[in-house]
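Position chains A, Z and L against the provided structure of chain H, taking the given hints into account.
If you want the building blocks of each chain, they are given just below.
Protein chains: 4
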Amino acid sequence: MTKGRLEAFSDGVVAIIITIMVLELKVPHGEDLESLRPLAPVFLAYVLSFLYVGIYWNNHHHLFQVVHVIDGRVLWANLGLLFSLSLFPFGTAWLGETGFASLPLATYGVILLAAALAYYVLVRTLLRIQPAEARLAEAIGPDTKGRISPLIYVLGVAVAFVAPWISFALYSVVALLWVVPDRRIERTLVR
Amino acid sequence: MTKGRLEAFSDGVVAIIITIMVLELKVPHGEDLESLRPLAPVFLAYVLSFLYVGIYWNNHHHLFQVVHVIDGRVLWANLGLLFSLSLFPFGTAWLGETGFASLPLATYGVILLAAALAYYVLVRTLLRIQPAEARLAEAIGPDTKGRISPLIYVLGVAVAFVAPWISFALYSVVALLWVVPDRRIERTLVR
Amino acid sequence: MTKGRLEAFSDGVVAIIITIMVLELKVPHGEDLESLRPLAPVFLAYVLSFLYVGIYWNNHHHLFQVVHVIDGRVLWANLGLLFSLSLFPFGTAWLGETGFASLPLATYGVILLAAALAYYVLVRTLLRIQPAEARLAEAIGPDTKGRISPLIYVLGVAVAFVAPWISFALYSVVALLWVVPDRRIERTLVR
Amino acid sequence: MTKGRLEAFSDGVVAIIITIMVLELKVPHGEDLESLRPLAPVFLAYVLSFLYVGIYWNNHHHLFQVVHVIDGRVLWANLGLLFSLSLFPFGTAWLGETGFASLPLATYGVILLAAALAYYVLVRTLLRIQPAEARLAEAIGPDTKGRISPLIYVLGVAVAFVAPWISFALYSVVALLWVVPDRRIERTLVR
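Keeping their order, the protein sequence lines are chains H, A, Z and L.
Per my numbering, residue 1 is the first one in the first sequence, and the count goes up by one each step.
Per my numbering, residue 1 is the first one in the second sequence, and the count goes up by one each step.
Per my numbering, residue 1 is the first one in the third sequence, and the count goes up by one each step.
Per my numbering, residue 1 is the first one in the fourth sequence, and the count goes up by one each step.
Hints should not be assumed to be uniformly reliable.
Note: identical chains are not told apart, hence a pair may lie in one copy or across any two.
Claimed, not checked - Calculated pairs, SDA-like style, for lysine to any residue (alpha carbon to alpha carbon, straight line, at most 20 Å):
hint : residue 1 : residue 2
1    : 26        : 41
2    : 3         : 64
3    : 145       : 68
4    : 26        : 100
5    : 26        : 110
6    : 26        : 99
7    : 145       : 73
8    : 3         : 42
9    : 26        : 163
10   : 26        : 102
11   : 26        : 97
12   : 26        : 106
13   : 26        : 83
14   : 145       : 76
15   : 3         : 131
16   : 26        : 111
17   : 26        : 103
18   : 3         : 124
19   : 3         : 125
20   : 26        : 120
21   : 145       : 72
22   : 3         : 59
23   : 145       : 113
24   : 26        : 38
By construction, these hints were calculated from the structure, which means they are not laboratory data.
Just chain H, with the same shape it has in the complex (with noise of 0.2 Å):
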């Protein structure tokens, strides 16, 4: 099995999800400065969703460089991927909406969590069909920022109800520590 369809999917899926998210970038009725206030908010979310969202496309277009074969439990584990993403526009709307209220804040954390597990599961219905499995699992190496981010989104989780502002500070930092692009496996496709 092939796994360009799987790739032109997946890209199609990620591309509208990326995309609807702006439409909460509601045109404000006035005209004049005053009315652009209640989006800063609801840019702030898109932003931080933009980032995300870029990442898991950076990272999945990453992983299956050194991928080459794929099966039908992939194709689902790769749907688990995309569901999870999915929810990405209504936590973002929902943020920038409530103006980073806890319970929503909490809620995006949720979502983060959901998305790093969907993406733990496909690395590892990936691995188990490689041919060259132990060159994946190099490439992806210990994986020291997979393992800490979700323990900072649970953090991020159970700080919300009490200091939101530092809930966002910590999914923020995750992202930018992402934004760095996947160098292990780059470096070991040069070799």
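Relative to the frame of chain H, chains A, Z and L by itself:
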């Protein structure tokens, strides 16, 4: 005629269908748990439809793995399938907003039937022109699942007016039945 | 310049156009048959437009089967076609919501005319630079359907203000005429 | 790292951006000519933005014709461009709904500037790693258009508060300037 663009176009349409369904998960007006509650049936309907659309994409993917020749009739049979799938967002939203009322459940069953019929027509249209028709037919096999599913949909439509939740259970059982990828075609491909 | 991305981009735009039209099928507020009734004209308009956009996609597909060279002008001619197709969701929604009133029917005819003109310009722009121009011209042939359709659209626009349903019937007849795939090009390809 | 998925993903995002802008063309409540009138500025804004997004897609297409190597930084530079393009639907809708008011016109100019800057960063990021850097640089040439456009955008932003329609005229002139495809790269490719 090559199948590349048919696959790409189908991937695009299915990607959009699966993603716009999530737009029904409308942002709650409040920011407490209470305001999330009305979303429960909407979310449940989304999960069910995500599974169904995912199943059709997977089966489409499997099917075109063993298909190499297409013609104008196949393009239209495929558009027929995409048309019936495009009714999922409507059916799903109606299910969710009415909390799985009788008529919406029956309508959903009719959409499931339409999609099953359109898929059947697509397979027949493809079989007609495949050089290695025998191989595809063998790959598809006796197709027990494909024959039982429409019967259960019909049952679901009828039962919707008496015991709505049994109707929902029937649709869910069929979905779970199909989440197991179509191993028959995979098996044939491996040989 | 390769045609791959032009095809992929066109597939994407057409896939979105065909899918967002279904968003007009708004969820009824009630849950009985009565609440479905106002959707009948909306659904009918959707079916007609799905056919038309499907026809354009199929013809685009057939056309680019025999095209191998593109240039900057072709990109813009193609964007012209995509622009005119992007007006279908508006035209369709207006048709459906007014129950096929006169001005919406005339507007729909103007959109059909614009799409036909844009497709004609695209074909001419392609013919200009094809090495095997003769073969493409032959594949396209006398193109009787392509010449008659705009005339019927004009008739439909005029008749819309007198007898709306005749206008609708005219548009439908042209659509059915085109659902038969363009066998001329297929025939040439087989030779 | 191959450029195929970057192109496919960009095609998907741009296709969605260009298509959701048309959703602002909301169905009029009446069915006479009078009810169409408020749509005139919305339509005009849509045409302008369709041109701009079309220009970016064409230039992206031309650019990646001569690009063969990408890396993680290119992925992010490209996401930066897609992010700035994703603000077009917002800017366009605000323009249209306010009938080209001053602040919306200035905001639109800022979005144009952001896109121009993001495109510039993408080109630089690509040049850094191309083996045949010289050829790409030559293909891009002195890039007079690329240097003048941002200056006109800045002028448009400033003028928006004094003479809105001059601002609109400036943006339109730049668009028309770019509709002529980038013949420099085409020329180099032909050699």
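Status of each hint after checking the structure:
| no. | hint | in the structure |
| --- | --- | --- |
| 1 | 26 / 41 | both (12 Å within a copy, 18 Å between copies) |
| 2 | 3 / 64 | both (8 Å within a copy, 13 Å between copies) |
| 3 | 145 / 68 | neither (24 Å within a copy, 30 Å between copies) |
| 4 | 26 / 100 | both (17 Å within a copy, 17 Å between copies) |
| 5 | 26 / 110 | between (26 Å within a copy, 18 Å between copies) |
| 6 | 26 / 99 | both (15 Å within a copy, 16 Å between copies) |
| 7 | 145 / 73 | between (26 Å within a copy, 18 Å between copies) |
| 8 | 3 / 42 | neither (36 Å within a copy, 32 Å between copies) |
| 9 | 26 / 163 | neither (28 Å within a copy, 26 Å between copies) |
| 10 | 26 / 102 | between (23 Å within a copy, 18 Å between copies) |
| 11 | 26 / 97 | both (11 Å within a copy, 12 Å between copies) |
| 12 | 26 / 106 | between (24 Å within a copy, 18 Å between copies) |
| 13 | 26 / 83 | between (25 Å within a copy, 16 Å between copies) |
| 14 | 145 / 76 | between (25 Å within a copy, 18 Å between copies) |
| 15 | 3 / 131 | within (15 Å within a copy, 25 Å between copies) |
| 16 | 26 / 111 | between (23 Å within a copy, 16 Å between copies) |
| 17 | 26 / 103 | between (23 Å within a copy, 16 Å between copies) |
| 18 | 3 / 124 | within (16 Å within a copy, 26 Å between copies) |
| 19 | 3 / 125 | within (14 Å within a copy, 26 Å between copies) |
| 20 | 26 / 120 | neither (35 Å within a copy, 28 Å between copies) |
| 21 | 145 / 72 | between (28 Å within a copy, 17 Å between copies) |
| 22 | 3 / 59 | both (16 Å within a copy, 15 Å between copies) |
| 23 | 145 / 113 | within (14 Å within a copy, 35 Å between copies) |
| 24 | 26 / 38 | both (10 Å within a copy, 19 Å between copies) |
The structure fails to meet hints 3, 8, 9, 20 from the earlier list, while all remaining hints are met.
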